[in-house]
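Take these sequences, add in the hints, and give me the full structure.
2 protein chains.
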Amino acid sequence: MKSKVTIEDVAKAAGVGRQTVSRVINNGPNVKPALRQRVQSIIEDLGYSPNLSAKRMGGGRSYMILAINDRARTLENWHAGRGNDWVDQMLYGGMSECERHNYHLLFELIDTETQAALSQLSSAIGALRPDGVILTPPHSENEALVALLDKRGVPCARIGYHGDGSHVEVFMDEAKAAREVTEKLLELGHTRIGYIAGSSSYGTSVARIAGFRQAIASSCVSETAGFVSEGDFNFDTAAKAFAETLQQAARPTAIIADNDEMAFAVLHIADREGLRVPNDLSVVSFEDTPGVRFSVPPLSAVRQPTAAMIAKACEVLITAKAGNIPKGSFELPYTFHERASIGPRD
Amino acid sequence: MKSKVTIEDVAKAAGVGRQTVSRVINNGPNVKPALRQRVQSIIEDLGYSPNLSAKRMGGGRSYMILAINDRARTLENWHAGRGNDWVDQMLYGGMSECERHNYHLLFELIDTETQAALSQLSSAIGALRPDGVILTPPHSENEALVALLDKRGVPCARIGYHGDGSHVEVFMDEAKAAREVTEKLLELGHTRIGYIAGSSSYGTSVARIAGFRQAIASSCVSETAGFVSEGDFNFDTAAKAFAETLQQAARPTAIIADNDEMAFAVLHIADREGLRVPNDLSVVSFEDTPGVRFSVPPLSAVRQPTAAMIAKACEVLITAKAGNIPKGSFELPYTFHERASIGPRD
DNA sequence: GGTGATATTGGGAGCGCTCTCAACAATTTT
DNA sequence: AAAATTGTTGAGAGCGCTCCCAATATCACC
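Chains as they are written, first to last, in our numbering: chain A, 2 to 347; chain B, 2 to 347.
Bear in mind the hints are in silico, worked out from the structure with no lab data behind them. Since no wrong hints were added, every one of them can be taken at face value.
Same chains, same names: a pair is fine if it fits in one copy or spans any two.
Taking lysine-lysine pairs in the DSS-like style, the calculated list, with each CA pair at most 27 Å apart, reads:
| hint | residue 1 | residue 2 |
| --- | --- | --- |
| 1 | K5 | K322 |
| 2 | K56 | K152 |
| 3 | K328 | K5 |
| 4 | K185 | K241 |
| 5 | K177 | K313 |
| 6 | K328 | K152 |
| 7 | K13 | K152 |
| 8 | K33 | K56 |
| 9 | K152 | K322 |
| 10 | K152 | K5 |
| 11 | K56 | K5 |
Listed below in structure tokens is the structure:
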């Protein structure tokens, strides 16, 4: 196996032209089956694999999908030694799908702040020339980033974003999930339900709160049955918010948290204050990371189809016809995992 | 901002030659400070970022480090919804270090079986032409893969492997860690200590067992104080192994497991059999994933410096002078996190 | 102030591929 | 059976960069 086999070597060995080999490796049309076969086997004999950089230079695809995540939040998770289920799921879904198409997934972090994000994204696509970019929250809602991608002609998929379908959008029905969970708690007899919100800069959070309020409004219980407090997706803010809630005259009988970590904080404070879960307090969250099974009691949670959303995004971006900017809305189903953290109002 | 700014555009705008711009973007020598300054600012004005594919084609670096992980084990973790702390740590360490050098980390999975691994690795480096490859266990111990990389002239770093230093090796002292943990348990008065091994195809496992045996041998307790049973890094095999152990006349008073999941299995079986941890049984593991804090009781564990190892590997690969295959051995410190799962023999 | 050394510049060639397009072969149509 | 269509090939050009090297500018020193 020569250390550097080029398309020319293959062509020479097969006694054909460069272009014919190119057609074979790209599964192009108009090559006689017998010839294709022969070239194919020579490719294998020589251990040839086309140089992606060269393909890109020649005007072809780069065979790369660039997945963008928020730097601050990602690093915070890693730094806290907390694991990063979202990243895991992204890689799982993204890499699996990319592999199927002989693509490569490139994962990068960019800052939250728009100016910085813009320049980082710009240089990333300039350097890597990916065939598509996947934007996750909160970047998926940043119109400036989307506009940049549009201008550069790079197709993008927006995860967790539901807009006018002018781009590729892959999402779950957050409002419905929140409504469903809330209704579930209402059915269990809960009369005072608190929602600890993540960040209003996440459309997903906003949508969930809307769903939560809908469920409360359309139920027969009092209007004060539901209230929202502000967290920031992390333990401390949620612990503080929940502790404050407990100061009030009527304490909540159930809490919905925007992510697992905030739910853990609620569990923690509840324990400290002598509240038994689920007897005195039911707790539900949105996320369903691996850790929920180990909490005491195990946490009930809505699970976003993260891996599936990224996989779908990859599929759409990859299979788009060259030169065509793909678009479309894709709603994927969530699942609700009921565990011991919820129960009827005592 | 034009959608495609090339080095030529910059050169023209600055009234200089291509090569001068090239020197500026690569921080090359022999450019007058004033000129460099001027070109630099024009680059920013134009929003130019060099096309990596073109750089690579021109004979330069690819600015990519390829990190290889084992497909089966990685997918198994993901599939089981278990999170993948190893992958998280790899990305954390790798991406952080790569970013510092303006590099990109590419993450790929390849099969365990040598022939398949060989052809997958071959086509990956053929396609991507990375400047360096990071091999993790068990691939880091696969000489065939290393030989392939050598032949192709691609520098590689072997993680968790300690050999003759003919390549880049980054590891921790597994034997010492196992020895230390074992000694700790002996000090606590344990007289019968079981080691549940991962896979003998992992050098790290083999080294730990050696350390374990050393500690047992050099202690004053009976020779039957330590014994090893075979798991396979997963729950079921460990549960089975431990359950069998309990059948024997003299049951263990302490268990060391080769990874967290197997330790969880031990915890599970112990609970089922009415053994209290740590009163009746002490449990320690190697890995220290985020989940250990949530188990009951929280698991004591040795933590591998995964992120730091990958970061070190990236650093060495990236800063190697062009054309030089870097080599060297780097031992990084582990940490032991003592939690409630161990205690004195009752 | 000249001479050799050294620092600074830019132009040609080429990396390995795909694109475009022209040439030729195999088929179909009339 | 000739003409028209379609299928199959390969050669030239060019993608955006770096290498190599030649040309020029600057500097040190006697």
